[in-house]
Amino acid sequence: MTSKTISYSNAIQSGFCYLLDNFEEVFVLGQGLWSPWYVGQSMRELEVTYGRERIMDTPVSEQGSTGVAIGASLCGYRPIIVHPRIDFMLMAMDQIVNQAAKWSHMLGGQAHPSLTIRGIVNRGGEQGAQHSQALQSWFAHIPGLRVVMPSTVSDARDLLIASVLSDDPVIYIDDRWLYDNEEELEPVVELSLGKIGPKISQEGTDLTIVGIGHSAYQSRVVAARLRENGIYSEVIDLRVLNPMRVETIIRSVRKTGRLVVVDGAWSNCGVAGEVIASVVEKLDVQFLKASPVRVTLPSAPAPSSGALEKNYYISESRIASVCVKLMGDKKVTSKLERVV
Amino acid sequence: MTSKTISYSNAIQSGFCYLLDNFEEVFVLGQGLWSPWYVGQSMRELEVTYGRERIMDTPVSEQGSTGVAIGASLCGYRPIIVHPRIDFMLMAMDQIVNQAAKWSHMLGGQAHPSLTIRGIVNRGGEQGAQHSQALQSWFAHIPGLRVVMPSTVSDARDLLIASVLSDDPVIYIDDRWLYDNEEELEPVVELSLGKIGPKISQEGTDLTIVGIGHSAYQSRVVAARLRENGIYSEVIDLRVLNPMRVETIIRSVRKTGRLVVVDGAWSNCGVAGEVIASVVEKLDVQFLKASPVRVTLPSAPAPSSGALEKNYYISESRIASVCVKLMGDKKVTSKLERVV
Amino acid sequence: MNYDLGDLSNPAKLTDPIDVSGWNTGELIEIYKKMRLIRNVEDEIARLINSGEVKCPSHLCVGQEAIAVGVSYHLRNTDRVFGTHRSHSHYLALGGEPKSLFAEVLGRRDGCSKGMGGSMHLFGGKHGFLGSVPIVGGTVPIAVGAGLAAKKDGHGDVGVSYFGDGACEEGVVHEAFNLAAIYEIPVLFVCENNLFASHMDIHLRQPSDRMSRFAEANRINVQTVDGNDVLAVAKATETLLEKSRKGNGPGFLEVVTYRWKGHVGAADDVDVGVLRKEKDIIAWKKRDPIQRLRQGLVNQRKMDDSEFNAMDREISKDLMRAINEAKKSPYPEQNDLLDYVYA
Amino acid sequence: MNYDLGDLSNPAKLTDPIDVSGWNTGELIEIYKKMRLIRNVEDEIARLINSGEVKCPSHLCVGQEAIAVGVSYHLRNTDRVFGTHRSHSHYLALGGEPKSLFAEVLGRRDGCSKGMGGSMHLFGGKHGFLGSVPIVGGTVPIAVGAGLAAKKDGHGDVGVSYFGDGACEEGVVHEAFNLAAIYEIPVLFVCENNLFASHMDIHLRQPSDRMSRFAEANRINVQTVDGNDVLAVAKATETLLEKSRKGNGPGFLEVVTYRWKGHVGAADDVDVGVLRKEKDIIAWKKRDPIQRLRQGLVNQRKMDDSEFNAMDREISKDLMRAINEAKKSPYPEQNDLLDYVYA
Ligand SMILES: Cc1ncc(C[n+]2csc(CCOP(=O)(O)OP(=O)(O)O)c2C)c(N)n1
Ligand SMILES: Cc1ncc(C[n+]2csc(CCOP(=O)(O)OP(=O)(O)O)c2C)c(N)n1
Ligand SMILES: [Mg+2]
Ligand SMILES: [Mg+2]
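Chains as they are written, first to last, in the working numbering: chain S, 4 to 343; chain P, 4 to 343; chain L, 2 to 344; chain V, 2 to 344.
Derived by calculation from the structure, the hints in this document are not laboratory data. All of these numbers come straight from a predicted model, not from anything done at the bench. Just so you know, not all the hints are guaranteed correct.
[Claimed, not checked] For lysine-lysine, the following DSSO-like pairs were computed, each having C-alpha atoms within a straight-line distance of at most 27 Å:
no. : chain 1 : residue 1 : chain 2 : residue 2
1   : P       : K313      : L       : K329
2   : S       : K285      : P       : K328
3   : V       : K303      : V       : K280
4   : P       : K285      : P       : K202
5   : S       : K258      : P       : K313
6   : S       : K328      : P       : K202
Work the whole structure out from these sequences, hints included.
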C-alpha cells in the first residue's frame with residue numbers, strides 16, 4: 004500500500020468508523036466481531052475503539068440476531084447486522100424477507116426497518132457447497148429490500164455509508180476476493196442510496212460488459228486486456244441490484260449493439276439474466292448486433308476439491324474469450340450494421 | 004363436476020392416494036394435515052384412510068419438520084412435506100437450500116434427499132404481504148432442486164407422482180386459484196421427472212405466450228380470446244422451472260417472432276425474465292419481430308385492501324392487451340419480416 | 002404428555018369471581034371497560050365477517066381479553082409492544098382507536114395501517130404498539146431488538162412481545178429468549194397459552210403444556226398465571242416489569258387461556274380443531290374474564306348490574322358510531338401500492 | 002452467568018486415570034486404539050495443513066476423541082449418524098477408513114465423499130455415517146428424520162446427532178428437540194460441549210454453560226458426563242440407547258470437553274478466542290482422554306508403557322501408508338461437477 008492508497012477491506016473499515024464516529028444511532032452486531040477471523044481485515048478491533056455495547060458479537064443465531072437488528076431499527080437506531088457468509092443468511096430469511104422487506108409497506112409507511120444487512124461472499128479455498136454462495140439474485144427479487152454490491156474501493160466505503168443512512172432495509176454485499184484491491188480515496192461525501200445506480204467504469208463502443216461486485220472488477224480487467232487488442236468495451240458496474248435501474252445499460256447497448264453480463268452466481272433466475280431481459284424488453288431489437296450473452300457459474304453447487312474449483316469460478320480469460328467470440332460474429336455484425 | 008371430470012384439488016388428492024397406496028416408503032408431514040383447513044380440498048381425510056403415522060400433522064416448525072423429511076428421505080423413504088403457504092417456507096430455507104439441494108453433490112452422489120416439498124401459493128382474499136408470496140424464482144435459482152408448477156388438472160396429479168418418485172429433492176408448487184378447475188383424467192402413467200419439460204398447450208403462429216402454473220392457465224384463457232379476434236398464439240406451459248429447458252420455447256419464438264412471458268410473481272430476477280434471457284441468448288436476434296415482454300406483479304409486497312389487490316394481481320385482460328399491443332407493432336413486424 | 006399446568010388449564014377450575022380487594026374501584030371499572038370494549042369490538046368484527054364486509058382473515062381473541070388489558074395496565078406509550086396474527090386486543094388495550102381498527106379490517110385508508118395491512122398487520126405507534134404480523138414467532142426477536150433500543154436509550158422502557166403457545170415451536174423464538182437473556186435486555190415475553198395452535202391441541206404438539214419451561218431453560222424470570230384473571234395478569238406483569246425497567250433483563254409471563262372462537266373468522270369451529278369439543282368451549286365460557294371481574298365488583302357492591310348494563314350500552318353506542326365512520330373512510334389510492342414500498 | 006457444570010467444566014478437576022474396573026481388557030485396548038488412531042489422524046492432517054497440502058478448512062477434534070469413541074461403542078452400522086463441521090472423529094470412530102478421510106481432505110476422487118466435500122462434508126454410509134455438514138445445527142433435524150425412518154423400519158435402530166454447544170443457539174435445534182419428543186423418535190442427541198463456539202466462550206453466548214437444560218425443557222432423558230472419560234461416555238450412551246432402541250423416544254447426552262486446537266486449522270489459536278488462554282489449554286491437556294485411559298490400564302497392570310508404545314507405532318505406520326495411498330488418488334474429473342447435482 005502506498006501512502007495514498009487504501010485497500011477495499013480497509014475502505015469498509017473506514018466506512019464503519021465514519022458511521023460510528025458520526026452517528027450515535029449506529030451500532031453493529033453479528034458473529035465474529037470480537038475476533039479478527041470472520042470478517043477479514045474489514046472490522047479490525049472496532050470493539051476496542053467503540054466498545055462492546057456498540058460492537059456486539061452474537062451467539063450463533065442468524066435469524067434471532069437479524070430480528071434484533073430490525074427491532075432496534077424500528078426504534079430510531081441504524082444497526083448493521085453482519086453475516087460473515089451469505090450462506091448463513093439462509094437461516095434468517097424470514098426476518099429479512101417477510102419482516103424487514105415488508106413492514107414499511109404493510110403498515111402503511113409508518114414503520115421503517117432502517118437496518119443494513121452486510122452479507123459477505125466468501126468462497127474459494129475449497130470451502131465447499133455450504134460456504135461459497137452468492138445469493139444476490141434472491142435479495143434483488145424482493146421488493147422492499149435495497150441491494151448493493153460495491154466493486155470498487157471507494158464504493159466499498161461510500162455505499163456502506165449510504166446503506167446505513169438509508170431509511171430502508173439494505174442488503175450490502177461485499178466479496179472477500181476484492182479485499183486486497185487498492186485505490187486512492189476521496190473524502191467521504193454522504194450519498195443518497197435512492198439516487199445511486201449503475202456506473203460506467205470505462206467507456207467503449209464495441210460492446211457493453213455489465214458486471215456485479217467482483218465480476219465488475221473482473222470486467223474492468225478484461226476490458227483493459229481487450230483494449231490492448233483493439234476491442235473497445237464499455238464496462239458498467241451495476242452496483243445497485245434492487246431497485247434495479249437499467250437506463251444506463253440500455254443507452255450503452257444502443258450504442259454498442261452487444262451485451263455481455265457477468266455475474267459470479269447461478270444463471271437460472273439470476274441477475275445476469277435479469278439485466279439481459281430488462282435490456283431486450285426496453286430496447287428495440289434492431290439495435291442488437293448479436294444475441295446477448297451471460298457469463299455465470301455452472302448449474303452446480305460449489306465443489307470442494309481445488310481441481311474442480313478452478314474451473315467452477317469465472318476466470319477473466321473466460322470472460323475475455325466470450326467477448327472476443329461475440330465480436331467475431333461478423334455475419335451478424337455486418338448484417339445488422341445496415342439496420343442501425 | 005360431471006361424472007367424468009375431476010377438479011385440480013381432487014387430482015392432487017388422487018395423486019396422494021396413488022402414492023400412498025402403491026409405495027410404502029411414501030409418507031406425508033406438514034401443518035394442517037389433520038384438519039381440512041390449510042390445504043383446501045386437496046388432502047381430505049388422508050389421515051383417516053392412511054393413519055396418523057403416515058399422515059403426520061406437525062408442530063409450527065417449518066425448518067425442523069423439513070429437516071425431518073430430509074433425514075427420513077436419506078434412509079429409504081419418500082416423504083412429502085407440505086407447507087400450506089410458500090411464505091412459511093422462508094423459515095425453512097437452510098434445510099431446503101443448504102441441505103436438500105446440496106447433499107447429493109457435496110457427498111459425491113452418495114446421499115439422495117428424495118423428498119418432495121409441496122409449497123402452496125395461497126393468495127388474494129386480503130391476506131396481505133406475508134401470506135401471498137409466490138417464490139418459484141428463488142427455488143429455480145438453486146442447482147440441485149427440481150422445481151415443478153403444474154397448471155393443468157392432470158399435471159397436478161402426474162407431476163406430484165413424478166416428483167415423489169424422483170430421487171432428487173423436488174419443490175412442487177400448486178396454486179389455490181387453480182383448485183376448482185376441472186378436466187377429464189386419464190389413468191396414471193408414472194413419468195420420469197427428468198424427462199418432463201415445457202408443453203405446448205396450444206399451437207399458434209402469431210406470438211408465443213409462456214405461462215407458469217396459474218399464469219399458464221390464464222395464458223390459455225387469453226389465447227382462446229385472442230383466437231376469436233384473429234390472433235393465433237402459441238401457449239407454452241413451462242411446467243418445470245429447474246432444471247429449465249427452453250428448446251421448445253425457442254423453437255416457438257423462432258416461428259412466431261414474438262414472446263410474452265406471464266408469471267404471477269415479482270419481475271426482478273424472476274422466471275419471466277429468465278425465459279426471456281434464455282431465449283434471446285440462444286435465438287438469433289434476427290428472428291425477433293418485437294422486443295419480448297413480461298407480465299408480472301408490480302414491485303411491491305401484496306397489499307391487503309381489496310381495492311389494491313384487484314389491480315395488483317395479473318388479470319387476463321391485462322395479458323390480452325399486452326399481446327394485442329405486441330401484435331399491433333406493425334412497424335417492427337413488417338421490417339423484420341423481410342429478414343426472416 | 003404432561004398436564005403440567007394443572008388447574009390453570011382445567012376449565013372446571015378457576016371460575017370464581019375475581020378477588021378485587023386492595024384495588025381502587027375507579028381503576029377496576031376502567032379495566033372492566035377495556036375488556037368489554039375489546040369483547041364488543043370483536044363481536045362487531047364477527048358480524049362484519051358474517052355480513053361479508055370484512056374480507057381479510059381475522060383472528061378474534063374473544064375470551065382472552067384479560068391478558069392484553071392486564072399487561073397494558075403497567076405499560077406506557079414509550080414502551081414498544083409487538084403483536085401477532087391475533088392482536089386486536091393488544092392494539093385496543095394500549096388505547097388504539099376502535100375506529101382505526103374497524104377501518105383497517107375494512108381495508109380503508111383511515112385504518113391504523115392505512116388499509117395496507119388488514120386485521121393481521123396493525124400499527125399504533127403513538128400508543129407504543131409498533132406492529133403485529135401473522136408469521137408465527139416473527140415479532141419475538143423484533144421485540145427483543147426494541148428492548149435493546151430501550152436499554153440503549155436508558156429511560157427504563159421495555160419491549161413487549163405477545164406470542165402464543167404455537168410460537169414456542171418456532172426455533173427463532175428460542176434464539177430470542179437466549180439473546181434477551183445474554184444481553185440482559187428489558188423485554189417482557191407474554192405467552193398467551195390458549196392450548197391450541199389453529200386446529201392442534203397443545204398435547205399433540207409438545208410434550209408438556211407449560212411454556213415457561215423454555216424461559217426457565219434460558220434463566221429468565223417467570224410468572225405463570227390464570228390468563229382469565231385480569232388482576233392476576235396485571236400483578237404478574239408488574240412484578241416482572243419492575244426488574245426489567247431497572248435493567249435486570251427479560252421477564253416471561255405465561256398466561257393460560259382459551260379462545261372461544263375458531264382459529265380464524267367468526268365461527269366457533271367446534272371439531273375443526275382436533276380435540277376441540279363443544280363441552281370445552283362451554284366450560285371455558287364459565288371462566289369468562291369479563292364476567293368474573295364484573296361479578297367480583299358486584300359481590301363487593303362496588304357496582305350493580307344495572308350500572309354495568311348502562312356502561313355496556315354506552316360502549317356499544319360508541320362502537321356503532323366508530324363503525325359508521327370507518328365505513329365512510331375511502332379505500333387506499335392506487336399510488337399507495339408503490340409509495341409505501343420504500344421510505 | 003451460571004457455572005452450572007461445576008467440576009465438569011473445571012480443567013483442574015477430573016484429571017485422574019480412568020477407572021477401568023469391570024471392563025474387559027481386550028475391549029479397553031480396542032477403545033484406546035480408536036482414540037489413538039483419531040488423535041494421530043488429526044496430527045497428520047495438521048501437518049498436511051501446515052505443509053499446504055490440505056487446503057480445505059479443517060476443524061480438528063484433538064482432545065475430544067473420547068466422545069465419538071465412547072458413543073460409537075454402542076452403535077451398529079444400521080444406526081444413522083450425522084456430524085458437523087468437526088467430524089473426523091465421528092467418521093473414524095464408526096470405522097471409517099483413514100485413507101478415505103485423507104483422500105477427502107486432499108480433494109481426491111477416492112475420498113469418502115469422492116473429493117466433492119473436503120473435511121467438512123464426510124460420508125461413510127456403510128458404517129452408518131450418513132453425512133456431516135458445516136452449517137451449524139443443520140444436521141440435527143435431519144438426524145431426527147433418520148430416527149423417524151428407523152422407527153418406521155422397526156428394527157430398533159436409532160438416529161444419532163452430534164452437535165456442539167454453539168449449535169444450541171440455532172433455533173432449528175430446539176425445533177428438532179420438540180419434534181423428537183412429541184413423535185417419540187429414537188434419536189440420540191450428542192452435545193459435544195467444548196465451552197466454545199469458534200472464538201466465543203460459552204459464558205459470552207448463553208446464560209448457563211449446561212446444555213442439557215434444553216433437553217429437559219423438552220422432557221428428553223438426559224445424561225451429563227465428563228466427555229474426556231471414554232468409559233463414562235460409553236456407559237451414558239448405553240443407558241440412553243436402551244430406552245431409545247425400545248422405542249421410548251430420544252435421549253440427550255451432554256459431554257463436556259475442550260478442544261486443544263484452534264477453531265479451524267492446525268494452530269492453537271491462543272487469544273484468538275475471546276477468553277481462550279494458554280493456561281486453560283495446558284490445564285485441559287492434563288485431562289487428556291487418551292492418556293487417562295492408558296494410565297488407568299497401566300495402573301491396573303493390564304498393559305505396560307512399552308506395549309502401548311509399540312501399539313502406537315503400529316498405528317502410525319498404518320497411517321503413513323494410508324496417507325501415501327491417498328496422495329496417489331486422482332483428483333475428481335471435470336464431469337463430476339455436473340454429474341452429482343442430480344441423482
Ligand atoms: C411461520 C408460520 N407458520 C405457520 C403459520 C400458520 N398459523 C397461523 S396462526 C397459527 C397458530 C399459532 O398458534 P399460537 O401461536 O398458539 O397462537 P393462537 O392462534 O393460539 O393465538 C399457525 C400455525 C403462520 N402464520 N406462520
Ligand atoms: C449457520 C452457521 N452459522 C455460523 C457458522 C460459523 N461457525 C462455524 S463452526 C461455529 C461454531 C460452532 O460451535 P459449536 O457448535 O460449539 O461447535 P465446535 O466448533 O465447538 O465443535 C460457527 C459459529 C456456520 N458454520 N453455520
Ligand atoms: Mg395458541
Ligand atoms: Mg463448541
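Hints, one by one, checked against the model:
Between P/K313 and L/K329, the direct Cα distance comes to roughly 20 Å. Compliance with the 27 Å bound is thereby established for this hinted pair. As the CA atoms of S/K285 and P/K328 are separated by approximately 14 Å, the hinted pair is consistent with the 27 Å bound. Taking the CA atoms of V/K303 and V/K280, the gap is about 33 Å. The hint is violated against a cut of 27 Å. Between P/K285 and P/K202 the CA atoms are separated by roughly 19 Å; this keeps the pair inside 27 Å, and the hint holds.
A distance of roughly 40 Å separates the Cα atoms of S/K258 and P/K313; the hinted pair therefore is violated under the 27 Å criterion. For the hint linking S/K328 to P/K202, the alpha-carbon distance of about 33 Å lies beyond 27 Å, and the restraint is violated.
Checked against the numbered hints above, the structure breaks hints 3, 5 and 6 and satisfies the rest.
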